[in-house]
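Participant: Chain by chain, the residues:
Protein chains: 2
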Amino acid sequence: MATINDIGVAAAINIVTAFAFLLAFAIFRIQPVNDRVYFPKWYFKGLRSSSIQTGGFGSKFINLDFRSYIRFLNWMPEALKMPEPELVDHAGLDSVVYLRIYLLGLKIFFPIACVAFTTMVPVNWTNKGLDRLRHSNISFSDIDKLSLSNIPNGSPRFWMHLCVAYAITFWTCFILKREYQNIALMRLQFLANDQRRPNQFTVLVRNIPTDPHESICELVEHFFKVNHPDHYLTFQAVHDATKLSELVLTRKQMQNLLDYNINKHMRNLNNRPVIKMGFLGCFGEEVDGIKYYTSAVEGLTREISEEKQRLRTGTKSIVPAAFVSFKSRWGAAVCAQTQQTRNPTEWLTEWAAEPRDIYYDNLALPYVDLKIRRLIVGVAYFFLTFFFMIPIAFVQSLANIEGIEKAFPFLKPLIEVKLLKSIIQGFLPGIALKIFLLFLPRILMQMSKFEGFVSTSSLERRAASRFYMFQFINVFLGSIVTGTAFQQLNSFLNQSANDIPKTIGVSIPMKATFFITYIMVDGWAGVAGEILRLKPLIIYHLKNSFLVRTEKDREEATDPGTIGFNTGEPQIQLYFLLGLVYATVSPILLPFILVFFGLAYVVYRHQVINVYNQKYESAGKFWPDVHRRVVTALIVSQLLLMGLLSTKHASKSTPLLLVLPLLTIGFHIHCKCRYQPAFVTYPLQEAMIKDTLERTREPNLNLKEFLRDAYAHPEFRVGESSDQEMGLEKARSDKSPDLVATKRGSWRNTSLPSKHSYTNSP
Amino acid sequence: MATINDIGVAAAINIVTAFAFLLAFAIFRIQPVNDRVYFPKWYFKGLRSSSIQTGGFGSKFINLDFRSYIRFLNWMPEALKMPEPELVDHAGLDSVVYLRIYLLGLKIFFPIACVAFTTMVPVNWTNKGLDRLRHSNISFSDIDKLSLSNIPNGSPRFWMHLCVAYAITFWTCFILKREYQNIALMRLQFLANDQRRPNQFTVLVRNIPTDPHESICELVEHFFKVNHPDHYLTFQAVHDATKLSELVLTRKQMQNLLDYNINKHMRNLNNRPVIKMGFLGCFGEEVDGIKYYTSAVEGLTREISEEKQRLRTGTKSIVPAAFVSFKSRWGAAVCAQTQQTRNPTEWLTEWAAEPRDIYYDNLALPYVDLKIRRLIVGVAYFFLTFFFMIPIAFVQSLANIEGIEKAFPFLKPLIEVKLLKSIIQGFLPGIALKIFLLFLPRILMQMSKFEGFVSTSSLERRAASRFYMFQFINVFLGSIVTGTAFQQLNSFLNQSANDIPKTIGVSIPMKATFFITYIMVDGWAGVAGEILRLKPLIIYHLKNSFLVRTEKDREEATDPGTIGFNTGEPQIQLYFLLGLVYATVSPILLPFILVFFGLAYVVYRHQVINVYNQKYESAGKFWPDVHRRVVTALIVSQLLLMGLLSTKHASKSTPLLLVLPLLTIGFHIHCKCRYQPAFVTYPLQEAMIKDTLERTREPNLNLKEFLRDAYAHPEFRVGESSDQEMGLEKARSDKSPDLVATKRGSWRNTSLPSKHSYTNSP
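If you're matching them up, the sequences are chains D and H in order.
No gaps in the numbering here: position 38 of the first sequence is 38 in UniProt numbering, and each next residue is one more.
No gaps in the numbering here: position 478 of the second sequence is 478 in UniProt numbering, and each next residue is one more.
Please note that a few of the clues may not be correct.
Put simply, identical chains are the same to the list, so a pair is met inside one copy or across any two.
Stated by the list, open to error - The calculated DSS-like cross-link candidates involving lysine-lysine, where the alpha carbons are at most 25 Å apart (straight line), are:
| id | residue 1 | residue 2 |
| --- | --- | --- |
| 1 | Lys264 | Lys690 |
| 2 | Lys371 | Lys177 |
| 3 | Lys502 | Lys45 |
| 4 | Lys449 | Lys81 |
| 5 | Lys107 | Lys704 |
| 6 | Lys81 | Lys225 |
| 7 | Lys177 | Lys615 |
| 8 | Lys225 | Lys327 |
| 9 | Lys225 | Lys690 |
If you are wondering where the hints come from, they were derived from the structure by calculation, not from laboratory data.
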């Protein structure tokens, strides 16, 4: 058990780290050269085109205005300044709702912390329950004196904890309900005020049955003309564009290599870069790099346009899914909410997500496949959660000294160096685990993709839910009940149903100090690290050095990223869980959690305003998940408190706790009935109001034209507007200097006019 | 443990009882005087107006044709003769689907029984596992030698049981799936071929919000005119007709009393019946019975017509619910399947049930009330299931000799008579339990009514589901794990999760003989008793003697009853459960179950053809419930087998059993997704086809006229057509003879013309 001193040291280290991050951020962000890393949102919105310059040469790269260094923390109040409605306009409802999760944390835990510190801490402190153990060999610290462990068994003081548990439940439910209500209202308001969008008129139809006499296009047309005669407008077939996507991706890679080679050549004009054609670019015939990649890009561009032509004219690539559009929002709402045919596995309709939210690869999956995939993923996830330690342990066992020495005998003298040996022994096993945990969100995302969801937003929601479960089992339970998840599962199966909360409950107070450290490392320093954006910063400067040639390239080099719902939300939920579980047991944890919520709120608000560029807008559709998980955490906390109290012989108060989970479940069902529909369906009245308004305002609107190609495959859409032309034009421009160079030997002159665009590269 | 002899004796008794019932039925049914009891369906359908007469006097009452006694079992093949499609026309789809539950039992258990008897019985029999116990004091019988208990621990023969368990699961699932598919198809076919009915065009709207500026009628009209402009046709307001119903009921009672008095007077014309006005008709002033009841009926009739007038003109009695009708089935299907407004607790729409299926009393319940009522009923049901023995034990403790002697000291000498004493001691406690169990379905029905369901069919489905749970816990588990349900609950809570199947599994083989007896008493004799219809027979003859005056009265005196889904289906499900659980453990149970299913199928088919008059037609909407319960039984059987085998040290084969419940759950989810929608929604394509056909066939149909008053309160509907006039006319006719009588003193002559109608009364 850590003493208060230990905690103090850990806190100091983490506070210093966090401050170092914040300071680094404060310095980096005011350097013009980093402007695109720290303010990409403004560039993407077209509100800023080049970095702010304070005058003078060099100030293009480095901020020389020393006054700005003094105000290095002024981003914090600035981040809080923007009012919520403006933020919705600026960053979308998703981001605003996401930020409200942090606010929810503050709203729930601040009053709880106040109550806990005024009532429970004195009640716990003024006991001598732990003093009796002083002579035994169980160690404890002063921090534990603040916790429930300090109260002797069977003390009437447990009534206090019971009352506080009731208060916490009611307060949490009250805040949750108000928040659910607010967010449902915000969503409805947002949808009502939203401008005209293709997805308002469109329904995604999947599992269109095949018919030997009609093509899919004819089938769709006929079906909806017959069954929605007054409302059907048009439809957009879905193409299987896997090959096209691959080609586009390859061209991008080739283009990058071309850019790299040109840049290399630019720096040393006498030396034309050569590449080797053999294995991994290390062996084989040497060719001129610029020439080779130029022709490759050119060839791919041709192939792409051929493939596009093929897709557009042929019908073979059309998959049995379609985006069907209606004359009115009412018609679409009706089609999305009703069953079309006898067979509930055919002609499945649902609201189409935004075009940019659609995950096209999964649209073609037939019904049976979906079921099988869901089963496979379910089983895979089970094994991932409960047995993930097995392959890691295997890697760890390989990654020890003896294993390496056996596998690579020639490394033996190197490894035997003492310092290196200790590093390998100390770090490698940990690194294997860390790498796995870093990749986990991606693995879960791939699982969701395999499972067959059709929009990025739903993919992220599913991955988030899986990540939360993983954290709950492996981080929360795994830390409390030491041992692998599978061992836990086994022992739980062999235990009585009401012994499980006891087993966990008993070890909870003992783990308070561990979780305090966890919160400081993961929550405080982690969040401060988030604002520094070290990885994007490095990648941006690397790209800037090697690949960027035009202003457009530079734009593409900045990856603002998104909030990352699938990783961020489960993390916050873990804090909700910790807060609710420890609120009655060891309230000392609460201030740490409050600091996390406060800091994270400011940081993420800043990031939402200045950095993140959301890939889609689901209008806060994830809130029911957030709500459900907080309610789950509440129920878990109640069960664990019950288990803990029952081992404390507080038999009079424990049965009264039984009521709480039931009440909470009732509360959840109520909320679900009352507010969830706002996140799932689109009420006909709303649709009708919006339709009527639009008809009055724009009686001559050509909706068909508006919807045309809205749901075409992204490669098509990009191609239509800019990319294809850009690609062709680029290939042409890439080609011409080369031709010129070979002809006249003076490449420099012809390419100079475009030079201004990459002057910024260091 | 019962020996084979004991079972034989029990079987003999029950077979004799069953045969006695069947014989009695065969004799009773061919008596013309009982014709209305045994063939009421034909009367109700208007296919038979008076009993078949074989000629001669007396043959009106008693069948004198002795040849017909010889063919006394010929109703059996007759019951099976009617082909299914004809039966659907004759009795509705509900009845046909209900009969298919018995067929399902035969289909599932016949092959299972064959397999079990050819494989498992020899495997079990040729062991000496139980012989070893011969010297210990555990008693067993030859029947147990057929069961799994006879195999010694750890024997490899358990692989056989594992294989059979797999076979049973696959076979059951296969049959269940085929049946689900068939019935879904039958339902869709039935709905597609159904004639035009008001419910096809009508949606029930509940929770209409109140508006200070508009009445409910205006509100409904406006809302649907705005939000379903192309499809809305008309609506029918719902009145709160509680008072009217009460008045009608009172009048009916008064009418019965009047009829009784008139009949009494008829039999003895010199003696006018008098009644006493005081307490319970035993004290107080004497008045002329006929006169008194005539004026009472007359007064009530006047009050009823006033109340009707008040309801029809006033708007105060209109409740916030309405039946909204659309121009097409498509429009109704759309409205029923969509959400109307932002607030998901207002303007709730659902398919309206048939007019005769609607349970009007619950239509007005607001959303919050429904939730609270559901909660209350949930809690009440929990206590009813787990603590029902407490009040019964209390009554039983009161109902013993000493209790009665204390409460009624004057009965002491009577009670002390030995015979009476033993009867009281032996029977009273049992009777208290029996009375409770008799009333249980009614209690559950009242619970469902209180819970707020709006159609009789859903009330019955809910009551059935509760009755099944009750039987599962108190009959099945209660018989296996002796002790009250609450004691079980307590011990289960204190047990490990995977010890529960063990505890139950171990005692299963020992209870086989008990359940065999149970099946014979409840299944064989009970079903044979059902066909005898002793209670309706007695009631009919009583009513016929005292109340019947006209042919119409006689019609009302026959209560054909309905299948009684809420009591019948849970009973069948218990047999499914027993069959599946014992199939692998003690296959000896299977033939008894097969006999039950066969006998019940024939009996109920006969009853469906000749007796029952369904109160509603839900087109087999209950099948998902039936399916779910059989699947549950299957899973329970798998878990219990797992528990049993794990105590038998068959550790190699037990883990393989774990797969079965998972597979079964997967199967259930698949079936639910695939077939359940056919029972819940009405696909737009189906609606459109029916609409188009109708529009072609009857282009000038006046739908509004067709729908007018279709959903008026039953008291209104009856009143409009016949009852009111009949009532008035009856009151008039009842009054006139009386007036005549007082005037001329010769009542007989004026009332003679109507005498022909009650000549049949003995």
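Participant: For each hint, tell me whether it holds in the structure or not.
Facilitator: Structure-based check of each hint:
{"no.": "1", "hint": "Lys264 / Lys690", "verdict": "neither (56 Å within a copy, 73 Å between copies)"}
{"no.": "2", "hint": "Lys371 / Lys177", "verdict": "between (34 Å within a copy, 17 Å between copies)"}
{"no.": "3", "hint": "Lys502 / Lys45", "verdict": "neither (54 Å within a copy, 66 Å between copies)"}
{"no.": "4", "hint": "Lys449 / Lys81", "verdict": "neither (38 Å within a copy, 56 Å between copies)"}
{"no.": "5", "hint": "Lys107 / Lys704", "verdict": "neither (47 Å within a copy, 56 Å between copies)"}
{"no.": "6", "hint": "Lys81 / Lys225", "verdict": "neither (52 Å within a copy, 46 Å between copies)"}
{"no.": "7", "hint": "Lys177 / Lys615", "verdict": "neither (29 Å within a copy, 43 Å between copies)"}
{"no.": "8", "hint": "Lys225 / Lys327", "verdict": "both (12 Å within a copy, 19 Å between copies)"}
{"no.": "9", "hint": "Lys225 / Lys690", "verdict": "both (24 Å within a copy, 16 Å between copies)"}
When each numbered hint is compared with the structure, violations occur for hints 1, 3, 4, 5, 6 and 7.
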